[in-house]
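*Asks:* Below are the chains, spelled out letter by letter.
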Amino acid sequence: MILKPRPQDFVVIGYYLGKIILGLALSMFVPVFAGLVFFREASPVLDFLIAIEIALIAGLLLTRACSTEKELNWMQGMVVVSLSWLVAMLLGAIPLYLSGHWKSFLDACFDSMSGFATTGLILVQDLDHLSFTHNLWRHLILFIGGQGIVIVALSFFIKGFSGAFKMYVGEARDERILPNIIHTSRFIWFVSIVYLILGTSALAIAGMANGIRPASAFFHGVCIFMAAFDTGGFAPQSQNILYYHSLPFEIITIIIMILGAFNFKLHYHLWTGNRREIVRNIEMVTLFISIMVLFFITGFGLTQLGTYPGLAVLFRKGFYQLISAHTGTGYQTIYAAQFVNEWNHLARVGIICAMSLGGAACSTTGAIKMLRLGIIFKALLEDIKRIILPERAIVVQKYHHIKEIFLEDKQVRLAFLITLAYFALYWFGAVAGSCFGYPFIDSLFESTSASANVGLSCGITNAAMPAALKYIYIFQMWAGRLEFMSIFTLIGVFVAVIKGK
Amino acid sequence: MRNLFNVKCVMFNVILLYTLHFTHYTAFAQPVSARELIENAQAYDGKTIAYAGEVIGDIMRRGNFAWINVTDGEKAIGVWLEGHLLKQADLLAGSYRSTGDLIEVIGVFHRACPEHGGDLDIHAFEIEKIAPGRHNPEASSFNTGKRNAAVVLLGALGLIWILAQLKFK
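Protein sequence lines correspond, in order, to chains A and B.
Residue numbering for the first sequence is 1 to 501, as defined by the working numbering.
Residue numbering for the second sequence is 1 to 169, as defined by the working numbering.
Pulled out of the complex, with its shape left as it was, chain B reads as follows (with noise of 0.2 Å):
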C-alpha cells in the first residue's frame, strides 16, 4: 500500500513537473524586469509572469476593463486588467506631481496580443499594491538657488537694456 502511495506521489510529481515545464503557462515568482521581457520576448510569450514597478500617467478604462501602464524605472510597460481589481487597488498614477503606487502584477505576458493589435503587453489577474504612491509638494515650490540665478541674470539684463538705451541716445 506504502509503495502504491509512493508510485502515486512520484507520478503526480512528474505529471505537475510536466505541467509546469512544458506547457503553455509557467508560473514566475520573482518579478522579472521590464528589459529583460522586452528583451526576450519570445521566451516570456504567453507566459504567467510577476512584473513590479510603479503605476505612471493615465489610468484609462475601457468598459469592463482598463489600461494602466507601469514601469519598474527603467522601462514601463502596459497592463490590461478587469475593473474590480483597479476598484480594490485604487491606484495613485505617477507624475510630475506624484510618485505613483508601486504594485506587482502577476498575469500573462504577450510579446504581441493579438487582442490589442500586437501591443506587447501583461493581462493581469491579480495585482497588489506594494507601497503607496505620493504627492511631491516641491513640484509647487521655488528651488532656493534658481530663484537667485534668475535674479542675479535679472539684474544683468536690466543694466544691459538701461547701456544700451544709453548708448542709442
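Just chain A, same shape as in the assembly (with noise of 0.2 Å):
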C-alpha cells in the first residue's frame, strides 16, 4: 500500500526549499556588485536585481507560509535537493532571458540547467557581445552547482541539523569527508577557493603572456577557473578554448580539470599529507587505466584519417578532448562540425565512451564515475577468481579507497543499479534523438554528452533544434546530475499523491 504524504511533508519541503531559493537570491548579488564596481554595467544589473527580487518574494512566501522547526526525513531531503534544482534553473534563467541573448526563455531555462548540472552545452546567441555581469553569472551558476547548490546553503545559510546529510546524499555526494556535514561542506568551499585562487592566478599570467590586457586576463582567467575546476565547459567566447590558441592555457586547463575530476576526500588526505594515496586509490587507478585505454582508442581512430599533420599535433588535439571529456568538463579546442566531419566513428565512440564513465566520485564530475567502474572490475575479478580456484577456497575481494575495504554484495548491486540508471539514460537520449531525424551516433554522442554533465558537442545543440529534445537533454542534466535517487524519489511521492491512501 502506497501511503499518501501528509501535509506536514509539504511544509517542511517548502520551509527548506524558500531556504535555498534565499541562498540563491543571495548568490545573485556577486554578480551585482561586480557589474556595478568593476563592469560598471548598469542595465545587466538591472535583470539581477529583478530575478533577485522574485527569488526574494517567492523565498519569502514559501519561508513564512511553510514555518516549521521539524528536521527533514530522507523522502524530504531528497524532494527539497531535486526540487531545488528546478527552481535553481528557473530563478538563474531570469537574468540570463532578460539579457536578450537567448531567443526564448526555455532556451535560458537549458543554458541554466546546463549551467548548474556543469554540463556546458549552450544556446546563448552571440555570446561574444554578452555583458561582462551575465558572462559571471553564467560561469558562477557552474561553480555553485559544482560544489552542490544545498551545499552552499548548507554553508552558509542553514545551521547545522541532522537532515542536512541528507539533502547532502540527495546531490551525490555520499562521502563524509569530515564526521561533521557542515565541516565537510565548508572544507569542500575551502579547497575550491584556494584553487580559484591559485588557479585564477595561473590562468591570468598565462593570458597576459599570450597579449590579452590584465584586467580581460583575470576576467577570462576567473570565469576559465570556475568552468574548469567545476568540470562545466562554459567559456566567457564563443570558440570556447580554441579562442585562446595557446599552448599553456590548454596545459593549465587540463591540469585544473583533472583537480576537478579528484575525489574531494581524496585533496583532504593530499592536503593532510598522505599523498601515497594517488597512486593507491582504487579510483586513481582507474582513472589512470581508463584514460590510456580511451586515448589508445581515440588516437587510433585519428591515425587513420590523417586529419592533424603530425603526433604531436594528434596529441595535443586528442589529448585535450580526451580528457576534457573524461573530467565532464567538455571545453573544445576544435569546432563541434569538426567532430563529425573530421574525426571517425572509432576516435568518437572513444571520447563518448570517456564522457560515458566520469572522473571520480564526491567530485564535481557526472556520469558513472571511477568508483564504481572499479568496484564493477573488482567484483568480476571476485568471480573469475571464485571460478578458477578450488570450490572450498575463501575468496576475498579488497579495494584501496582511503583504506582497505572489503568488497561486500551491497556495493557491487549499487554501482550496477547506477551503472545501468546511466547506460538507459543515454540511450534514452540517443533513441530520442534518432527519433528526432538525427544519425545515432551524433544523437548518442549528444546525450552522452548531456546526461553525464560533459558539455562536449557535435553540433546537435543548438537553439534551432526541436523544443522536445531541449526539455529532454534538460532532464538528462538535471538526472544524471543528482544520479537519479532523489530524481527518483520525486516522482515516488507524486505517485503517492495520486495514488496513495
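Treat the hints as calculated values from the structure; they're not laboratory data.
Accuracy of the hints is not assured; some may be wrong.
Okay, derived cross-link-like pairs now, EDC-like style, lysine to aspartate or glutamate, Cα gap no bigger than 16 Å in a straight line [what the hints assert, rightly or not]:
(1) A:Lys103 - A:Asp126
(2) B:Lys75 - B:Glu138
(3) A:Lys70 - A:Asp126
(4) A:Lys398 - A:Asp383
(5) B:Lys75 - A:Asp126
(6) A:Lys103 - B:Glu74
Join these two chains into a complex; the hints should help.
*Replies:* As C-alpha cells, then:
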C-alpha cells in the first residue's frame, strides 16, 4: 500500500526549499556587485535586481507560509534537493533571458540547467557581445552547481541540523570527508577557494603572456577556472578554448580539469600529507587506466584519417578532447562540426566512452564515475577467482579507497544499478535524438554529453533544435547530476500523491 | 607571327588555369562564411581564401605577430597576422560595450594548422577594414521598462516583508 504524503511533509519541504531560494537570491548579489564596481554595466545589473527580487519574494513567501522547526526525513530531503535544482534553473534563467541573448525562456532555462548541472551545452546567441555581468553569472552558476546548490545553503545559510546529511546525499555526494557534514561542506568550499586563487592567477598570467590585457586576462582566468574546476565547460567567448590559441592555457586547463575530477576526500588526504593515496586509490588507478585505454582508441581513430599533421598535433588535439570528456568538462579546442566531419567513428566512440565514465565520486564530475567502475571490475575479478580456485577456497576481494575496504555484494549491486541507470539515460537520449532525424552516433554523442554533464557537442545542440529535445536534454542533465535517487524519490512522491491512501 | 602569338596566349591561359585549379593555393574572390569553412575544411585546406567579419574579444599580440578572432555573426575563426598589418588597420575589437570593426581578411586557411597545434585558422597576408566599429552607448544606460519592473517588484517585496514581520509578531 502506498501512503499519501502528509500535509506536514509539504510544509517541511516548502520551508527548506524557501531557505535554498533565499540562498540563491543572495548568490546573485555577486554579479550585481561585480557589475556595479568592476564592469560598470547598469542595464545588466537591473536584470539581476529583478531576478533577486523575484527570488526573495518566493523565498520569503515559502519560509513564512511553511514555517516549521521540524527536521527533514529522507523522503523530504531528497524531494527538497530535486526541486531545488528545478527552482534554481528557473531563477538562474531570469537574468539570462532578460539580457536578450537567449531566443526564448526555454533556451535560457536550458543554459541555466546546463550551468547548475556543470554540463556546458549552450544555446546562447551572440555570446561574444554578452555583458561581463551575465558572463560572470554563467560561470558562477557552474561553480555553485559544482559545489552543490544545497551545499552552498548548508555552508552559509542553514545552521547545523541532522537533516543536512540527507540533502547532501541527495546531491550525489555520499561521502563524509569530516565527521560533521557542515564541516565537510566548508572543507569543499575551502579547497575550491584555494584552487580558485591559484588557478585564476595561473590562467591570468598565461592570458597576459598571450597578449590579453591584464583586466581581461583576470576576468577570463576567473571564468575559465570556475568552469574547468567544476568540470562545467562554459567559456566567455563563443570559440571556447580555441579562442586563446595557446598551449600554456590548454596545459593549465588540463591540470585544473583533472583536479576537478578528483574526489574531495582524496584532496583532503593529499592536503593532510597522505600523498601515497594518489597512487593507491582505486579511483585514481581506474582513471589512469581508463584514460590510457581510451586515448589509444581515440588516437588510433585519428591516425586513420590523417586529419592532423604529425603525432604532436594529433596528441594535442586528441588528448585535450579526451581529458575534457573524461573529466566531464566539455572544453573544446576544435569546432563541434569537426567532430562529425574530421573525426571518424572510432575516435568519437573513444570520446563517448570517456564521457560516459566520468571522474571520481564526490567530485564535481558527472557520469558513472571511477569508484563504481573500479568496484565492478573488482567484482568481476572476484567471480573469476571463484571459478579458477578450488570450491572450498574462501575468496575475499578488497579495494583501496582511503583505507582497505572489503568488497560486499551490496556495494556491487548499487554500483551496477547506478551504472545501468546511466546507460539507460544515455540510450534514452540517443533514441530520442534519432527519432528527431539525427544520425544515431551523433545522437548518442550528444545524449551522453548531456546525461554525463560533459558539454562536448557535435552540433546537435543549438537554438534551432526541436523544443522537445531541449526538454529531454534538460531532464538528462538534471537526472545525471543528481544521480537518480532524489529524482526517483520525487517521482515516487508524485505517484503517492495520486495513488496513495 | 600572329598565329604564334595566339598559341602563346592559349598556352599561357592553359598554364594559368592549371595553376589555379590544381596547385595547392587557389584564390577565392568572394568571402567564404565561417560555417562553410568549418564544415568543408578539407576542401579549403591550404588554399587562399577571403573571409569577412567583425573583430571580437582581445587582440592578442605575440611578438611580431598577433591573433585576432573574427566572427561572421554565426561562428568565429582565429586569424594569425603580422604585427604591421595590425598596426595599419588599427582595429577596434567587439564586446558588450562595442561593435568591432568589420574587416575582410585574405589569407591561407588551415583546417589543422601545423604551426599552431592543429588549430583551424587563417594566416592572413592582407586585411582591409570594411566598416569601422562603434561604441555601444546602451551599455551604460538603464532600460526604462526593466527599471519600472524592478521598482514594482521592490514594492511588492517590501509589502510581503512587512506583512511577514507583522504575522510573525
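*Asks:* So which hints don't hold here, by number, going up?
*Replies:* 2 and 3
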